[in-house]
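Engineer: Listed in order, the protein sequences are those of chains A and B. Take the first sequence: its letters are residues 1 to 313, numbered as in our numbering. Take the second sequence: its letters are residues 1 to 313, numbered as in our numbering.
Mixed in with the good hints, there may be bad ones.
No copy labels: a pair is met if it fits in one copy or bridges any two.
Below, computed lysine-lysine pairings styled on DSSO-like, alpha-carbon distance capped at 27 Å [what the hints assert, rightly or not]:
(1) K238 / K179
(2) K255 / K300
(3) K45 / K201
(4) K45 / K238
Everything labelled a hint here was simulated from the structure, so no lab data went into it.
There are 2 protein chains.
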Amino acid sequence: MLDVALLGTGGMMPLPNRFLTSFLLRFNGRLLLVDCGEGTQVTMKLLGWGYKSVDAICITHFHADHISGLPGLLLAIGNSDREEPLVMIGPEGLRHVVTSLCVIAQDLPFQLEFIELPYRQGILPEPAKVGSYEVKSCPMDHRLPCFGYSFEFKRAGKFSPEKAALNQVPMAVWNKLQKGVDATINGVSYTPSQVLGPPRKSIKVSYCTDSRPVPILAPFVKDSDLLVCEGLYGEMDKLQKAASHKHMIFQEAAKVAKDANVKELWLTHFSPSLTNPGAFVQEARAIFPKTSVGTDRMSKTIRYEDEDEEDES
Amino acid sequence: MLDVALLGTGGMMPLPNRFLTSFLLRFNGRLLLVDCGEGTQVTMKLLGWGYKSVDAICITHFHADHISGLPGLLLAIGNSDREEPLVMIGPEGLRHVVTSLCVIAQDLPFQLEFIELPYRQGILPEPAKVGSYEVKSCPMDHRLPCFGYSFEFKRAGKFSPEKAALNQVPMAVWNKLQKGVDATINGVSYTPSQVLGPPRKSIKVSYCTDSRPVPILAPFVKDSDLLVCEGLYGEMDKLQKAASHKHMIFQEAAKVAKDANVKELWLTHFSPSLTNPGAFVQEARAIFPKTSVGTDRMSKTIRYEDEDEEDES
């Protein structure tokens, strides 16, 4: 199972009642953060999932509202006694931008490792491996190089005692193999595939802001259990303004969700001028019914198919 | 008259209910800001004095909690259509630090001008001129070069018709001279000193964080109408901890206020561990009775002596 939380829902500048857009994923007790604007460490504190377990931070692009909170957050993570390296993923130039910002966050007690994504329109970079899952990225269409992200949490096949017996796997190594680890006993080696059924449906969660709705986007986020997508404005008559600044409006995000056959859409990255985003949700729902207007720290647990609440395997 | 507001009262990290320590002064409709941690733009928005009129930003030192909000604030000031240059004052290295942080705030619609203060223990740098007043700085004792600031708002002498008559100044230029501007009539030049009495008492406001209480501090802030000073902890038994991190506790700030004969002391820069600073105010008041525990956006109007509420001259 995967926990997700939308840490903030604002675009452009933090507001007294709205943090900047960022997104937190928790899987097996470890955290991955997407975007980190000014104040992200505060809304993370309010959420209460801690700082220490952040293994990776993905940055969509280098506009301040998506990265200005990074030095403060890195210091907060440092104060939590973290020592393991932290992976940063973002567009080319990431190391330079982060190093520049860290002029006020030097001597961190952990290393930063950088994965810089090459920006070529219409071409997906190689997925990045973080812990036990993959981070996929997709070039977007904004005023500077920007990536959407998709996170896929794979699930091994179900343990099959029949298959294990058929393959003559000794019971002494079943447990180890069931956990996905190779095992050797009496000089004979065994692999998990000898005791597991076919891989089961994974959990997929996608995040996309800031961008126009590029053609590659719907295939990229296809069949996501959750799509978090920007809707800078709710008003249809602001489409041109949104487009000229390379953003999307609610209805466009809903169209992407529909085309991609996602299970659920959360809108975010609202303009400061959009004081009541909920007033426009019906227009989006007319296109994609499972649309929600994001709110700060809105969260959800997403389970594997047929994963019951007790079984967290 | 001068308006002042303590924008935040926290040290080290922004908290859900406490912004980081910074201080705003408003004089003749223009603003000067001291320190700018993560979230300062948000508490400024809550205060409601606007962004556009910020003429100068003084930075005490380069720890993140005193400057991490700068890129976001500069962008907010830029969004307010400001075009006049903005003066930045801080320790040597200021231009490098600000330029590094501004990797995510490029193309600002106004120029930044830098005044870098040389840090020599016990030696006051030259005062900096900002608009109609002077910014004085004082080297403090922290873990890296840090300055306290003092702002003095001078007041010309009172207009004296008797003196004007004695000096045979024509009435036609009285108004101009009264405003402090030289005037010429019928080929004869006159100066304000010919119509004004002796200069009157100025308003002085001082701000000091983060530091141990250095000997030069009390003379530097002497006779301030208001001293804003850090008190990282209220508990006397945390003195050693405060000292080892080069900070002050409440009682030490109160001692500075007493020695300097200031009119009023506001404590600020509370440790995140100090959840109820008010619980320790009595210990400080035992040393300096006019001590207040700062709260976010605590503000005050300071008037010149004998300046009545209608007369803002």
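Engineer: Broken hints, numbered, in rising order?
Structural biologist: 1, 3
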